[in-house]
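Trainee: The primary structure of each chain is shown beneath.
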Amino acid sequence: MMSEAHDANDALSDLRNASRERLLTEIGMLRQQNGTAELEAAKREVLASRDAVYGMSAELGELRARLKSDVKHARQAVMQTPTWRVGAFVLSPLRFAKRLLRKK
Amino acid sequence: MPRFSIVTPVYNPPARALKACIKSVRKQNFADWEWCIVNDHSTQPHVKRILNRLAARDSRVRVMHRVTNGGIVAASQDGLDMATGEFVALLDHDDVIAKRALKRIDEELRTDDTIDYLYTDEDKIDAKGRHYDVFRKPQFDPARLRGQNYCCHFSVFRNSLLDEIGGFRAGFDGSQDYDLILRATERARKVAHIPAILYHWRVVPGSAAGDVHAKPYAYDAGKKAVEGHFERSKVTAKIEKLNPGSYQHRFSSTSNSYRPHVSIVIPTRGDTSRIWGAATCMIENAVANILAKTTYPSYDIVVVRDVNQDGSMIHPFRIANSERVRFVDFFGSFNIATKWNSGVLASTGEVVVVLDDDTQVIDGDWLEQMVGQFEFPETGVVGPKLLLTDGRICSAGFSTSPRIRHIGHGESGTKPGHMGLLTVARSATGVSGACMAFRRSVFDKVGGFSDRYQYNFADLDFCLKVSLEGLQTVWTPESKMFHFGSRTIGEKVAATDQKRFEHRWGRYIGSDPYTGRTA
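Going down the list, the sequences are from chains D and X.
For the first sequence, the working numbering assigns the number 2 to the initial residue and increments by one for each residue that follows.
For the second sequence, the working numbering assigns the number 69 to the initial residue and increments by one for each residue that follows.
Worth flagging that the hints you see were computed from the coordinates, not collected in a lab.
Just so you know, even glycine gets a beta-carbon here, dropped at the ideal spot from N, CA and C.
Check before you lean on any hint, since a few could be wrong.
Stated by the list, open to error - Residues on chain D that point at chain X, a partial pick, calculated with CB under 10 angstroms:
(1) R32
(2) S50
(3) D52
(4) A59
(5) E63
What the hints assert, rightly or not - Cβ pair distances, simulated, as ranges:
(6) X/L536 - D/V79: 30 to 38 angstroms
(7) D/K73 - X/G553: 35 to 43 angstroms
(8) X/Q566 - D/E22: 17 to 25 angstroms
(9) X/L536 - D/V91: 44 to 52 angstroms
(10) X/R198 - D/R100: 33 to 41 angstroms
(11) X/A99 - D/K73: 48 to 56 angstroms
(12) X/R392 - D/G62: 40 to 48 angstroms
(13) X/P273 - D/L95: 31 to 39 angstroms
(14) X/R386 - D/I28: 55 to 63 angstroms
To be verified - As a list, the in silico BS3-like pairs of lysine-lysine whose alpha-carbon atoms are at most 30 angstroms apart:
(15) D/K73 - X/K167
(16) X/K513 - X/K302
(17) X/K167 - D/K104
Generate the whole structure from the sequences, applying the supplied hints.
Mentor: In structure tokens form, the structure reads like this:
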């Protein structure tokens, strides 16, 4: 702690005694560094936004695929119910007749 | 004009095999076809007899008897000249097609008018009619086609495309179909694959199906066909015969004109681990190896190092001064995607390689082999062959079938794998982030690596995002590297990362377009 406080005092006195030119140079460097940091942050934001767009597009594709799969499963489940099977059996002569008519 | 013209050059097939071939065509549950058979002056009398009887029985069959033996190319070209159908299917004289083959192909062709070339899965049949060696093929993969004729049977071409490319070429005997497929796919508007076994390749003594060494001349012709493909693509590479039916292509920084500046981004904490029995600082080892071995002329290394808030390194390490090496300080909590992004943003290369610190370069031209793949415009990401310390394979790309896994993990590094999967450059769903190269423009376009993932899947997610741009991820065995394993973060998959990946790409898990069900 003692050492850190000592270092800080040294730095302050160093700045107090610094020439105007040196201070201006340091201010310029700090500005440049901040500018670079801002540019870096902006680049990261652009990347994150683009990733989000690709991610949303992928998620949309995923939802579509799941919906398709759910519809397929629901359809299969309906076709396996006794009601559907009995209905298909009852209507089978009609289907046969339709096929015959189409052939003619 | 019939829908299909089946073209079959015939030369002395066993009577039984020829009859089986005839039976399989005549039993098709699709009628709109013609069969152009060219008897290449067979010396065995049963051939002419069987073919004449067939032509008399079925008006769709046209037989041409050549007066001299011209060889496979001349006979096949005569067959093509006879063909009047919209599509041409190539069938060998002793092979068999499935009863539903033409119907299934017709259905597929009806889905898209721009399909100019189509191929199906295949298997082999022995003398007793037993089926084996099922080959479930990947979706169209131009990278793999440069290394082997994986499309082979059953191949169906739009007739007008064959006219355009001039049919078969003399001088490619034994690999005339490979040459034809390469030239057709270069011009085809769309190539389709039917994932169903519609062709059965008969193994008879002396056939290429049974003995890969049976026709050595065919592999010289194959090499010539691949060389021709590279020439037409204006890509310089040295083509070599790898093993029968497979060809390697190697790039060289001295002969290749495409030599962009490459930035190698290596994230590290500066950890030390035991490598081949010695305690080694991994980043020091990785950088020293790259600097000592890499022959690529224009590259720099960006080391993304973990530092404390006061700027001191978490695990200090020392890297010898080199104008090629730069450092980027990383303050945040561990997130591999953020570290990769930091490194890439700080780098300048037109091509960027992200590399784990627990890797070691094996060959000096590792970068040439990876960068060379970018000469093909459809390539978006490239990954090398990653090896374990004992020489077995660590990763030959990612597959998502039946679950997310490294292809070939634990297999011998010298074995070719199923149907040569581990010997030739080919496309993959993804490649490991332990070593992955990409163009900076692609990185910018897809938004870099997604920092939603902390430990796993950022690499595969990146490859899948790139695939949405219509670009392919290519794995090449010509670039090799040791990967000492996930020493820093452990091999366990983070549950949150898994969940996030499934949220985006769950539909890809369970099926893989490049490895099918057999790899």
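Trainee: If you check each hint against the structure, which ones fail?
Mentor: Of the numbered hints given earlier, those the structure breaks are 1, 8, 11, 13 and 14, listed in rising order.
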